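> Chain by chain, the residues:
There are 2 protein chains.
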Amino acid sequence: MAQKKIGKQTVKFQNPPSIISTASIVGPKEGEGPLKEYFDIILEDDLYDQDSWEKAESKMLEDAMKMAIKNAKLLEEQIEYILAGDLLNQIISSSFAVRQLQRPYFGLYGACSTMTESLSLGSMIVDGGFADNVLCATSSHFCTAERQYRFPLELGNQRPFTSQWTVTGAGAAVISANGSGPYITHVTTGKIVDPGIKDVNNMGAAMAPAAADTIIQHFEDTGFNVDDYDLIITGDLSGIGKPIAEELILTKGIDISTIYKDCGIEIFDGKRQDTHAGGSGCGCSASVFAGYLYKELKKGKYNRILLVSTGALHSPVSANQGESIPGIAHAVTISNVIS
Amino acid sequence: MAQKKIGKQTVKFQNPPSIISTASIVGPKEGEGPLKEYFDIILEDDLYDQDSWEKAESKMLEDAMKMAIKNAKLLEEQIEYILAGDLLNQIISSSFAVRQLQRPYFGLYGACSTMTESLSLGSMIVDGGFADNVLCATSSHFCTAERQYRFPLELGNQRPFTSQWTVTGAGAAVISANGSGPYITHVTTGKIVDPGIKDVNNMGAAMAPAAADTIIQHFEDTGFNVDDYDLIITGDLSGIGKPIAEELILTKGIDISTIYKDCGIEIFDGKRQDTHAGGSGCGCSASVFAGYLYKELKKGKYNRILLVSTGALHSPVSANQGESIPGIAHAVTISNVIS
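Protein sequence lines correspond, in order, to chains G and F.
Going by UniProt numbering, the first sequence opens with residue 1, and the numbers climb by one from there.
Going by UniProt numbering, the second sequence opens with residue 1, and the numbers climb by one from there.
Please keep in mind that the hints were generated in silico from the structure rather than gathered at the bench.
None of these values were measured; they are calculated from a predicted model.
A few of these clues could be false.
All copies of an identical chain are treated as equivalent in the list; a pair is satisfied when it fits inside any one copy or across any two copies.
[As the list claims (entries may be wrong)] In silico lysine to any residue, SDA-like type, Cα no more than 25 Å apart, as pairs:
{"no.": "1", "residue 1": "Lys8", "residue 2": "Gly179"}
{"no.": "2", "residue 1": "Lys4", "residue 2": "Gln102"}
{"no.": "3", "residue 1": "Lys301", "residue 2": "Asp255"}
{"no.": "4", "residue 1": "Lys4", "residue 2": "Asp132"}
{"no.": "5", "residue 1": "Lys36", "residue 2": "Leu101"}
{"no.": "6", "residue 1": "Lys8", "residue 2": "Gln100"}
{"no.": "7", "residue 1": "Lys295", "residue 2": "Val200"}
{"no.": "8", "residue 1": "Lys198", "residue 2": "Gln148"}
{"no.": "9", "residue 1": "Lys12", "residue 2": "Asn178"}
{"no.": "10", "residue 1": "Lys73", "residue 2": "Lys198"}
{"no.": "11", "residue 1": "Lys5", "residue 2": "Asn15"}
{"no.": "12", "residue 1": "Lys301", "residue 2": "Ser18"}
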C-alpha cells in the first residue's frame with residue numbers, strides 16, 4: 001500500500017505542510033455578519049470598482065491571492081503552483097485572476113468543496129516534494145451565482161426558506177514546506193454521495209450525506225476520536241443540512257454535536273440578515289477558514305480542527321434534464337501540533 | 001528547493017508512475033478519421049442510447065473509466081483517486097460519471113488541457129506516496145459543446161475556417177506505482193499566457209503562445225534536446241495554432257518541426273471530413289493519447305513523447321463581457337524507459 005495512505009480514503013503527511021499565511025475578502029453583507037472582525041478586507045460595494053459582478057469576483061480572488069503571498073513574505077515568483085477554482089462556468093473567476101500572477105496553475109472544480117480540494121492537493125504537492133510553496137484559493141459572489149444558477153437579480157424572485165445565500169467572498173492560503181504551523185496533517189478525500197434530491201433550493205440536504213460519509217470515513221481511517229478535535233466545521237450545510245449530517249454521523253455511534261459548527265451558519269446572523277438557511281458558495285468556507293479559523297488557530301483558541309468543505313455538483317442543465325444533485329465533501333485536519 | 005523540482009516549472013519523478021492501461025471511446029465522425037483503428041469503442045450514434053447529449057457524454061466518460069480499470073485488471077475499489085474534468089458548465093459530465101464509481105474524486109477544470117492536468121496531478125499523487133492507482137480521465141462532445149459555447153446545432157450556423165470541430169470522445173488512463181511502463185517521468189506545468197485574442201472562433205491562435213511557453217520552459221528546465229524525443233504532440237492547436245507555436249519555439253532556437261504533431265490535426269482528415277482548422281476539445285488529446293499514442297508507445301513505434309494538452313480558459317460570459325481568451329498548456333513526458 002502507498003506509504004502515506006491510512007485506511008481507505010485518508011493520507012497522513014510525513015512532513016505536514018504549514019499554512020504560512022491566509023487572506024480573506026468579503027462583500028458588504030458578510031462584513032455586517034458575526035465574523036466581521038476576522039476578514040482582511042470588507043468591500044464597500046459588491047462591484048468592487050469593476051464593470052461587472054463577474055469581474056468583481058475575479059478581482060476579489062486576485063487580491064486575496066496577492067495578499068496571501070504578501071502576508072507570507074514571499075514574492076510571486078516563489079509560488080510554484082496555484083490551485084484555484086470557483087463556481088462560475090469554466091471557472092473564469094479563477095482563470096482571469098491567475099492570469100495576473102503568471103504562475104503554474106491547476107484549475108479545480110469541486111463546487112463549494114473547492115477550498116479543501118485545493119488544500120488537499122496543495123498539501124500533497126508540498127509533502128510529495130514537488131514544491132515548497134503552493135497557493136490555494138477560491139471565491140464566490142452572490143450576484144454572479146444567482147444569475148448563473150437561478151434567476152436574474154432584477155426579477156426580485158422570492159426565495160424558499162431552504163435556500164441559502166451565496167457568500168460574496170474569497171479566501172487564499174499559502175501552504176509551505178517551511179513554517180511553524182498550523183499544519184495540514186491529514187486529508188480525507190470524499191466520494192460522491194447522491195441522496196436523490198432534485199430541489200436546487202435545498203442544497204444543504206443534498207450535501208449532508210456526503211459530509212457525513214467523509215467525516216465517518218475520516219474517523220474510521222485515522223482512529224481519531226471526537227475528543228481529538230476542538231472543532232469540526234463543515235462548509236455550507238447550513239440550517240437544513242447540518243442537523244442531517246449530525247444525525248447521520250450519530251447513527252455510527254459518533255456524537256460530534258458538542259464540537260460541530262458550519263461555516264454557512266457562522267458567517268451570517270440568519271434572522272437579522274434574512275439569509276434563510278444560511279450561507280453557501282466556495283467563498284463561504286474559504287473566507288471563514290482564511291479569516292476566522294486560521295486566526296483562531298494562530299491564537300490558540302483552537303488547536304486541532306477538521307475543516308470539511310461541501311460541494312453540490314449539479315448544474316442548471318443537469319437539473320433541467322431531471323438529474324438529482326450529487327454531493328461531495330473533502331476533509332482536512334489542521335493542527336497546531338504534528339501528531 | 002523541493003527535492004523533485006527541476007528548473008522553474010518542472011518536476012522529475014523519483015519513482016516514475018506507470019500508465020498501466022488506457023481506454024478510449026469516440027463518436028461516429030472520429031471513427032471515420034485516420035486514427036479509427038486505435039479507438040476501443042466507436043459509437044454508432046452520438047446520443048449513445050441516452051436522452052440528451054449531455055447524458056451521452058457522461059456515459060461515454062463513465063464507460064471509458066470503467067474500461068480503463070478493467071484493462072488494468074483492477075477492481076473499482078483499487079482505484080484510490082479519480083481525477084477528471086470536462087468542458088461542460090460545472091463539469092457535469094465528470095461528476096455524473098464518477099457518481100457511478102464511488103471512488104474519492106478531485107474535479108478539475110483546465111478546458112482542453114484537462115488530460116495532461118489530470119496526468120500531472122495523478123503522477124504527483126502516485127510518486128508522492130499517496131496512492132498506488134489513480135484514474136485520470138476527460139471527455140468532450142461536439143453537440144454539448146456547440147450548444148453551450150456557440151449556437152444550438154438546429155440553427156445550422158456557418159462556421160469560419162479558423163474554427164475547430166469539438167471531438168466527441170473520452171479517454172481514461174490508470175496510473176500506477178507498479179507497472180512496466182510507459183512511464184510518466186517529467187511534468188511541466190503551464191502558466192496562463194494570453195495573447196489578447198478575442199475571436200472565439202480562433203482558439204488555436206489563442207492557445208499557441210501558451211503551448212510554446214510550456215514547451216520552451218520544458219526544454220530549459222530539463223536540459224533535454226529535441227533529439228531526446230520521438231514526438232512532441234500538442235492537444236488541439238490544429239491548423240491555425242500549430243504553425244504559430246512552431247514558429248514561436250523556433251525564435252528560441254529550438255526547431256521541433258521534424259517531430260511535431262497536433263492531436264487536432266491527426267484525428268480528422270480535415271479536407272474530407274470538413275472540420276476546418278481541425279479537432280479540439282478535452283476529448284481530442286484524451287482519445288488520441290489513450291488510443292493512438294499509448295498503443296504506439298506499447299508497440300515501440302515511439303519510445304519517448306511529450307504530450308502537451310492545450311486549453312482556452314474563456315467562457316461565453318467572459319467573451320460577451322469583452323475579455324480575451326487566456327491559454328494554458330501542460331506538458332507530460334511519457335517514456336518507455338526511465339531516464
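> Now look at each hint and say whether the structure bears it out.
Tested hints:
no., hint, in the structure
1, Lys8 - Gly179, "between (29 Å within a copy, 22 Å between copies)"
2, Lys4 - Gln102, "between (32 Å within a copy, 21 Å between copies)"
3, Lys301 - Asp255, "within (22 Å within a copy, 59 Å between copies)"
4, Lys4 - Asp132, "both (19 Å within a copy, 10 Å between copies)"
5, Lys36 - Leu101, "neither (28 Å within a copy, 41 Å between copies)"
6, Lys8 - Gln100, "between (39 Å within a copy, 18 Å between copies)"
7, Lys295 - Val200, "neither (33 Å within a copy, 44 Å between copies)"
8, Lys198 - Gln148, "both (18 Å within a copy, 22 Å between copies)"
9, Lys12 - Asn178, "both (17 Å within a copy, 21 Å between copies)"
10, Lys73 - Lys198, "neither (46 Å within a copy, 36 Å between copies)"
11, Lys5 - Asn15, "both (14 Å within a copy, 17 Å between copies)"
12, Lys301 - Ser18, "within (18 Å within a copy, 45 Å between copies)"
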